[in-house]
Amino acid sequence: MDRAATLDEVRRVLRDTLQLGRRADALTTKSQLLGTIPELDSMAVVSVITAIEERFGFTVADDEISAETFATLGSLTDFVDDKLRV
Amino acid sequence: MTSSASEAHELELRPFFHAGVAGRVFSLLVAPPRGVPRRGGVLFVPPFAEEMNKSRRQVMLQARALATLGYGVLLVDLYGTGDSEGEFAAGRLDAWRNDLVAGCRWLGREGFEPVVAWGLRWGALLATDVLRTLGLRRLLLWQPVADGRQYMDQFFRLRTAASMMRGGARETAQDLRRQLEAGATIEVAGYELHPELVRANDNLRLDAPPGGCVVDWLEVVRDADTQVSVGSQRMIASWRQTGVDVRPAAVVGQQFWATVETTVAPALIEHTSQSLSGHA
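Protein chains in written order, with the numbering used here: chain A, 1 to 86; chain B, 1001 to 1280.
With the rest of the complex left out, here is chain B (with noise of 0.2 Å):
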């Protein structure tokens, strides 16, 4: 951890669970340090499956930073991940949404608003989806991901690679999605994955949130000269003409959510804390 341990310790952080629609949801809220003015809250909507145990160094740093600005941030395992109750296969996309909405409705209840929504890679989808049922009017995305179809199939790789790696017979994506289609429950990368979350992640899209909205659009790249990606730039402009604010950065760092061993980029907790203390 970056911050000092005087720092760590003024930082309030309180774990509790949240009795969801499954049932219980834990939940972590990162609160400001005592005599810092209250800017708002933010609600983190995880990456999906391995991603988000590879981001939890990172995440848990950038809710230290945004608390330490005055934000209260909410951080919540969803249903059958992580330390709420469940298992991933019993993980639905709705009660997910749900769970996810009333814990920022309990952030307004504790005094943090308005609510900024912030969603990393697959959570970007979810976190435009709650930002549009509250009538939120800011956005933090960090790497979002555009179609949930193609990020199930990307995810079904995990599978094919591991068989593979086997020698075995390899399954496709095809595959997978024709075992799928018949009612099974399918085994990627140790989770256990439900025909009705597929399918409803199937159909989610990063759509644009209602004009006159401001999204902080971020990006990691390997090296200073580039910019966010061309799809991304595709969508940013159709936002935009949509009167969407959309204020796109690519920093430099490492895919932590993606990498071996855990990592950290710096760059974009700070390039995050300037831009939701209006530095930016």
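Excised from the complex, chain A in its bound form (with noise of 0.2 Å):
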């Protein structure tokens, strides 16, 4: 899965987790999440960690992610291509 397609599921997840809806059309790599989009509360970042294993079918261990990982769409994709990769 290349960069751009890792991007577009990552942003599908968060609109169906979130349901944003259309507002999740307009989010870019550097959109800014935690602390911007008022639904993700901390139970929402699980769901998404949850729908993240689910769809690209890899496990997220506790330490492995931390609140600079949702800080933008894009350290959330490069979160997940890393994981992809290894």
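In case anyone wonders, no lab produced these hints; they're calculated from the structure. Here the structure is a predicted model, which is why all the values come from computation and not from measurement.
Distance windows between CB atoms, simulated:
| id | chain 1 | residue 1 | chain 2 | residue 2 | range |
| --- | --- | --- | --- | --- | --- |
| 1 | B | A1224 | A | A4 | 21 to 27 Å |
| 2 | B | V1021 | A | D25 | 51 to 57 Å |
| 3 | A | G57 | B | D1207 | 23 to 29 Å |
| 4 | B | A1169 | A | T36 | 23 to 29 Å |
| 5 | A | G21 | B | A1102 | 40 to 46 Å |
| 6 | B | P1037 | A | G21 | 39 to 45 Å |
| 7 | B | T1133 | A | G57 | 33 to 39 Å |
| 8 | A | E54 | B | R1247 | 21 to 27 Å |
| 9 | A | D25 | B | A1019 | 50 to 56 Å |
| 10 | B | T1185 | A | A26 | 40 to 46 Å |
| 11 | B | R1105 | A | R85 | 51 to 57 Å |
Glycine residues also receive a C-beta, built at the ideal position from the N, C-alpha and C atoms.
Please assemble the complex out of the two chains, which come individually in their own frames, going by the hints.
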């Protein structure tokens, strides 16, 4: 999966999990997530992580994620990209 | 609600308290309208903690749909949850199990037999347990959780995520398990978890019901070309080898137990109703 496809898929995960609807279409790699999208509370963060695990078929350990991972759509996509490379 | 006002009027909603093992347990019977032939009962076993709050609307819509078909559906708030007495920290698996068994027997006494055990997510583990205890023959599973310990670890993640968002020291599931082993009650997403409850949950596994049982195994997926999960397929295959009649289906919809806003999955209700009315 190339980065553009990964980005698109991560955006879909956010759209479906947070019910962002068409707001998700406007998200770019620079879009701030944590602290900016009100739907993204701690419960939603867990739902996003679980959805990413299911969608991409890897497991995320507790110590792999940090607030920085969820800073922007770009940083979240980088995280998934790195996991897919391992 | 999709049901019309007149239908809602005809259905009987009977709330009552059961004298449970630990205290009073709130129960709601959703009974068929007068004149509809009775098919049997359905005992609902709720999912864990916040997943139940998110699922209430979907569950109520399904209960109404089944009542319209002639089922008496019993919705029980586990002790320490919902409108039942007690705090969540006082919730114990054995008491919950006993209260559910009592609810099932009550359905029988009210003339709603045979009873279908219906479990959502974590509730699938207890529903299977109740089925075995009472020798029921039919199980309805919605997005079943297969492993209690793994589920607890996922639940602990809520606290890990909260600590991550505060930007302080991060707590992992292992950190929380160490506190539990030392006898501490820990709080996750507003729920006080007693070490005994976690220990009992850890030991829950989705084991095959006795041969000959009929199981509807339903999962909600995002698009029409997705099947039930790989893990579920493996388990379904092994159940079939022991003579269990498993009927799996993946229906498209929102994962209502996890979504931020309240959502419902109408296709799941439709499939469930068709299956229990014998037209699936």
